[in-house]
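J.: Those sequence lines, one after another, are chains A and B. Everything in the first sequence is counted per our numbering, starting at 557 for the first residue and increasing by one. Everything in the second sequence is counted per our numbering, starting at 1363 for the first residue and increasing by one.
By construction, these hints were calculated from the structure, which means they are not laboratory data. Careful: at least some of the hints might be erroneous.
Here are some, though not all, of the chain A residues that point toward chain B, as calculated from beta-carbon distances under 10 Å [unchecked claim]:
id: 1; residue: 575
id: 2; residue: 576
id: 3; residue: 579
id: 4; residue: 582
id: 5; residue: 596
id: 6; residue: 603
id: 7; residue: 605
id: 8; residue: 631
id: 9; residue: 639
id: 10; residue: 644
id: 11; residue: 647
id: 12; residue: 648
Model, not experiment: these values are computed from the prediction. Beta carbons: idealized from backbone N, C-alpha and C, even for Gly.
One letter stands for each residue in the lines below.
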Amino acid sequence: MEFVMAIIIGILFMAAVYLILSRSLLRIILGTGLLSHGAHLLILTMGGLGGTSPPVLADGVTDYADPLPQALILTAIVISFGVTAFMLVLFYRTYGEHKTDNMSLMKGNDEHD
Amino acid sequence: MDFVLLIFLPVLAALFVPFIFRKLKNVHTGWFVFFVPVLLFIYYLGFIRLTMDGEVAVSELSWIPSLGISFTAYIDGLSLLFSLLITGIGALVVLYSIFYLDKNREKLNNFYVYLLMFMTAMLGIVQSDNVISLYLFWELTSISSFLLIGYWFTKDRSRFGALKSMMITVFGGLMMLGGFVLLGIMGDTFSIRELTANASTLVGHEYFTLAIVLVLLGAFTKSAQFPFYIWLPDAMEAPTPVSAYLHSATMVKAGLYLVARFTPIFAASEVWIWLVTGIGLLTLFWGSFFAVKQTDLKAILAFSTVSQLGLIMSLLGASAIMYHVDGTDTAIFKFAAFAAIFHLLNHATFKGSLFMIAGIVDHETGTRDIRKLGGLMSIMPVSFTVAFIGSMSMAGLPPFNGFLSKEMFLTSMLALREFELFNFATWGMIFPIVAWIASVFTFVYSFYFVFKTFAGKKKKEALPLQPKEAPLGMLISPVILATLVVVIFFIPNIIGDMLVKPAVLAMQQGLYTHPSEVAVHVSAWHGWSSPEFLMTLGIIGVGALLFLTMSKWQKLYDIQPAYFSLNALYDSFMIFGESGMNRLSRFYMTGLIRTYLLYMFTFLVLLTTAVLFIKDAFVVDMDSFAPVSAYGILTAIILILAVCMVLFAKTRLAAIIALGGVGYSVALFFVIYKAPDLALTQLVIETVSVALFLLAFRHLPALKNHGESKGFRFGNFVISLGVGIMVTLVALSAHSQKLVPSISQYYKDTVFTEAAGGNIVNVILVDYRGFDTLFEIAVLAIAGIGVYSMIRLRLSRKESSDENK
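Based on the sequences and whatever the hints tell you, model everything.
T.: Here it is in structure tokens:
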């Protein structure tokens, strides 16, 4: 199953990077969302997917799923939400200021040097 | 008492200068500063007894012991001589500056802070035993020199000169640091004393010659040797007390100090002897030759300083020969080291006084242009006397100290003919010839300086100010120096025993054990038929002839076109540097975020993939894989479909919903892989995210392609494909390759006994890694503040723009 997951992670990263490199601001934000999904699954896969029961202590169970990646991902999910929200408002404000979402027009000019 | 702390006394005193300047407006700030060098001078005088016995004093202050770096002050004959020069001339210069700089018009607080900073830096250079702290002080002198040259920073010339000196000396300083690091690698220590003691083991090391060249670059740039001297004439834009202090008596001698200090380490090398002697002699000739061309009083002195520094440099090079001769031959080579130190001292006295006189002339007449000056002798008799004494000493005439050291210089250069190693037998004759020619020009510019200014006809109408004799206070310092010039001539051997011989002992460690073994006796008279006497006669004869006919041949200098000079080279280098670098940065800094991301992703892919294969880290361990499950495959298909929808969505709404689909499939994966907490969180967060997107949806523009061409998209595709493949490879090998055992087992084992919890993930978050969670909340709070302020910012701005209307 790890092999399948590795390919899915690759696809997620690829789609994310492709979107981030585009000119449309909204696509860039969508890309960062995909990027964090990919990263979360990457951490999960690194730890191994073989556990047969959730990491909650129970009598007679020895084969728990790895708790460490889960703890890391839990933090990461919340943080990525914060980032997405921030980006979204940034986008909203940028669009409000410049009346465009075309990244190739947002490069500053000599006055900004 | 730890005298290492005294190095920092001036800079400590500098802390109080701005307060004194503000609070006590009626008293010239210089009077307070004056005490610092005077006290230090008196204190350092006490060491003379010590160094005369060949003893040394060490005082340590540790700094970074783990790297072997410390502030270790080390006083031997050489350090002491320089320390006395720094504080002695420093005191005289401060005294002079009190009358030179007006207390009401000048920013004295800046001036004295820089000057005291320089004093500390200079004392640090000459007393440091550790090369790293030496380097630190070395750069501090460059910085304080930069600040002092640019003291009148509203003048273009001042800023230009300051920058030029900084560029050249800091370049040399960096090279020198490289040399020091190489020395540290070779000798496994940063201590000069230890390096000197192990000098014989360093010779022949593969870095030895490179270290020599690098250290010499530092010395040559600082001491204004050819071809780096060009910064010194431009440094003359500094106030004259600064020129007298930094750019003739002390800072430019730091390079000489460095060469003298490293002579015991490097003397074994042929490269060292040739470079130091050769460049020194070339500089001596070059400086004296071009000094005659100048029309600005201070420029004449600047070129003469360049030339005199070259003279001392060549003597230092010649003194290294002492390490290659033994037995009875040594007597003739002993002169060089003694002459170098002796002339260094003499030069400080006569050149210091001459600079002060140039300042007085400038101050009292309003110009330093020698073409406008003349006939000041009767108006400024004291200044003339001092200038006369200084110039005659510089020209090498008796009864002044310059005569003695000039004679010893000629003796040393003649002695080079006798040296047999390193091709000196064939080329040795060049040294006395060049030395003689340079001495002739020295004679000419010395006369040019004093007589064109003070003798001849008065040209009163051309002077901006009505000339008068300088105030008494301004004359004290030059008169003291001029007196020394005469006194040293009559008691050269007492000065020699007290200061010069201990310094020679330090410079030629291992050859002597006590200063008295430097058996050099200075005498003014060598006999009628001695070559020195005949050379001196020739210098006076030819020099006088050239001086009298000067008006006829001085124009010859104009033949050299301005664009064919070292200064033009420097200027074009600076211009090219600025515009070239600007163009280069503009070439790759396009201002587009996408460009920068492209660089980052490309290098990320290349570096990671390369490391993965070079380190042979790509491993796939099929056996450890979990079995493929039907639910997993199904979820994977849903996820891939959702990703494709995000990629190809034509409308905003479809893209947002598809993104939510990706998030929910990830949540399904969390369910499949036994991560209930993650699944719950992911579901909640994804729902809130989609809601947020939909909330903002109304304000967002429709999805547009903004004219992305096929090539543009293909480029993006290639980069993203690379990233995707790279991450897949990393994911596979990260799973298969466990270099260190996981700490997960520790959590599983202790979660109940240590934290009394059952849900391992939750316990990790709130207990084992509680701080991490706390900061996570902080990040969320900051993001919230960011979101809030971005919206608020717009409102307040809109309000203010409304008010403007």
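J.: Which hints from the list above does the structure break, by number from lowest to highest?
T.: none
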